[in-house]
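Visitor: Take 2 as the starting number for the sequence shown in the working numbering and just add one per residue.
Keep in mind that a hint or two might mislead.
[Claimed, not checked] Simulated crosslink set (DSBU-like; lysine-lysine; CA at most 30 Å straight-line):
#1 Lys28 - Lys16
#2 Lys42 - Lys28
#3 Lys32 - Lys58
#4 Lys42 - Lys58
#5 Lys32 - Lys42
#6 Lys32 - Lys67
#7 Lys16 - Lys67
#8 Lys42 - Lys16
#9 Lys16 - Lys32
#10 Lys67 - Lys28
#11 Lys16 - Lys58
#12 Lys28 - Lys58
Treat the hints as calculated values from the structure; they're not laboratory data.
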Amino acid sequence: MENVAPMGVVPEWAKEQMTTEEYDAWKVVAKVYCVDYSFLKHERFPEERASIYESAKMTADAILAKPDSFTIQRGALFMYDLDPKGTHVSHREAPKVEFLILLC
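Could you put the whole structure together from the sequences, leaning on the hints where they help?
Guide: Right under this line is the structure:
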């Protein structure tokens, strides 16, 4: 799992592919989770990238609002369930983005 960063780390290569707002959200998520940043290595539809950021932002907001409620999940793996190539059959097809939290 070469794209999985340890808890508390946003790799420099990943940071370089993020906006400031995305990076701020991922810094917070990384405080609790080991994050799989492989989704950044594939071209994404703008809607899909926005959906990924939105779920990271919602998770970051929840962590900031109630940090103690994430104690049991500390160190778990945070990743996205995307098709293997990160592509879709049609540009009209709505992107499907789901995140998974697994124990490392």
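Visitor: Which of the listed hints are not met by the structure?
Guide: The structure breaks none of the hints.
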